[in-house]
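K.L.:
Protein chains in written order, with the numbering used here: chain B, 1 to 203; chain D, 1 to 203; chain U, 1 to 203.
Hints may contain errors.
[Said to hold, decoys possible] Residues from chain U shown here face chain D by an in silico Cβ test under 7 angstroms; the list is partial:
1. 48
2. 50
3. 108
4. 112
5. 114
6. 115
7. 116
8. 139
9. 143
10. 144
11. 175
Since the hints were made in silico from the structure, they are not lab data. The C-beta atom is built at its ideal place from N, Cα and C for all residues, glycine as well.
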Amino acid sequence: MFEFLDSLGTLVFAISGALTAIYKKLDLFGVYCIAFVTALGGGTIRDVMIGRTPVGWMLDMNYVYIITIGFLLSIIFNRYLDKLRISMFLFDSIGLGVFTLIGLEKGIEYGLSPLICVILGTLTATFGGVIRDILCNEIPVLFRKEIYATLCIAGGILFFILKELHFEQNFISLAVTIFIIGFRLISFKYNWSLPSGTIFVRK
Amino acid sequence: MFEFLDSLGTLVFAISGALTAIYKKLDLFGVYCIAFVTALGGGTIRDVMIGRTPVGWMLDMNYVYIITIGFLLSIIFNRYLDKLRISMFLFDSIGLGVFTLIGLEKGIEYGLSPLICVILGTLTATFGGVIRDILCNEIPVLFRKEIYATLCIAGGILFFILKELHFEQNFISLAVTIFIIGFRLISFKYNWSLPSGTIFVRK
Amino acid sequence: MFEFLDSLGTLVFAISGALTAIYKKLDLFGVYCIAFVTALGGGTIRDVMIGRTPVGWMLDMNYVYIITIGFLLSIIFNRYLDKLRISMFLFDSIGLGVFTLIGLEKGIEYGLSPLICVILGTLTATFGGVIRDILCNEIPVLFRKEIYATLCIAGGILFFILKELHFEQNFISLAVTIFIIGFRLISFKYNWSLPSGTIFVRK
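Make the full structure from the sequences, and use the hints.
P.N.:
Next comes the structure, spelled out in structure tokens:
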């Protein structure tokens, strides 16, 4: 089940990257590259920083295959994918939840403290998109709009609270993922966003 | 012979980086940095991702010396280098071929699958230029123009086909390098380029 | 004493990142991220390239706490911090000196040659700012203005000269740090800057 959600998350992140690149009029290789880094960039940075090398996707061919599928779907169906915005948003939220969880667990596996694990979870889920935006020459949307990363942080904190309360591991994983996905949908519906860094500046 | 071509590739990539930086009116330190990352950025990312640390150029002073030479040549002769476009293009193609081969071989050395090795070869040859463009605040030219990376991928596939057919290692290295260099020259002559990601979009 | 200066440097680099992000109108998460990478980005790249993983800040919580303090100070007092330009400039110079020294020492610890150590020192002190500028979609100021990185290089060379002359380690550390800080202040007072890469081009 979890592997399936991981694959679904990878697929959707790859499609999101590919669509951005198509919109930016990159060539086919550029579209493939952006799909790749959007899906795997966050995990790659995480692995490199904790010393888990060769990085994960080099040892499991499925990631490359899934991204290739996402790339092909985007190239062929990009006009239709645009109309599937709501499904895409749902899948993207799933990716966000699952990737956060994977990052958290890798941090624990490497014996890092809870605070660092939360940072790693957030980074895994969000930095693929940051690299995508940098490669497309834009200020990362992550830093400007929507309550995206905040959800990963909140999910990470929930993870350690539940762990502290000795809940069963599978239950924690499920609860955190559902929490992130659920809150993403709610925050979108009510159009929440973080205040800008100038909140304390008198106008 | 091979070391010589590696050095030549490094030198030309450094010059290409330096000329871009000069054109962007960076100061001398900026020019040196861009020359450095253009020449060594691809190999550095590869080494970091497969866990080959300290990264290669830290253990072999020659790279730093060659880049320094490329930097000095660019600073002093930049007006003349511009007129050597054709020689530069030839050397750049040599760099492309040799760097791809080095990336492929490092991947094999680390026991990675052929698909991943092809990715590493392409990355070694092309990502120095990607970092150069990001530092100069442009969408990487790699993603927009010319059939550049595609040649590295084709060269990588040829590498594994020849290997499968049990050709001798030195012959394979030579064949792949010549294939990439030759095709680059032909593709330039006939002005080939990849279609953009919107090929399936009806206008 | 040295730990205190390291903390002070981290704090000031974090504030400098946060203020840039606030000025760019990023949201709170974006401001925090930019503060983080400005303070720790250089050291992270260094650690990853020499294979010192998990990277340093993951094993010492103080860094995260200090950056959080810098973030909060910037959010709340950003109008006043702007008026503290001179103190900030002084602290920033301290950070530059201390970070260069840390980078130099890590290089020696990993048995790298003096030339590579100087590169690592410079990178530790300056690349946080480079990542900050890339994330904010600007050509890194490091490559364009002020005699910033040159001081780190000069400091690194001084370090190895004093070492060669068998001075005591603590004295060397102090001398290099003071040299960098002092020269930064002097270069600022007299408005020195590096010539651009086009110095040899006749107009």
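K.L.:
Which numbered hints does this structure break?
P.N.:
3, 5 and 11
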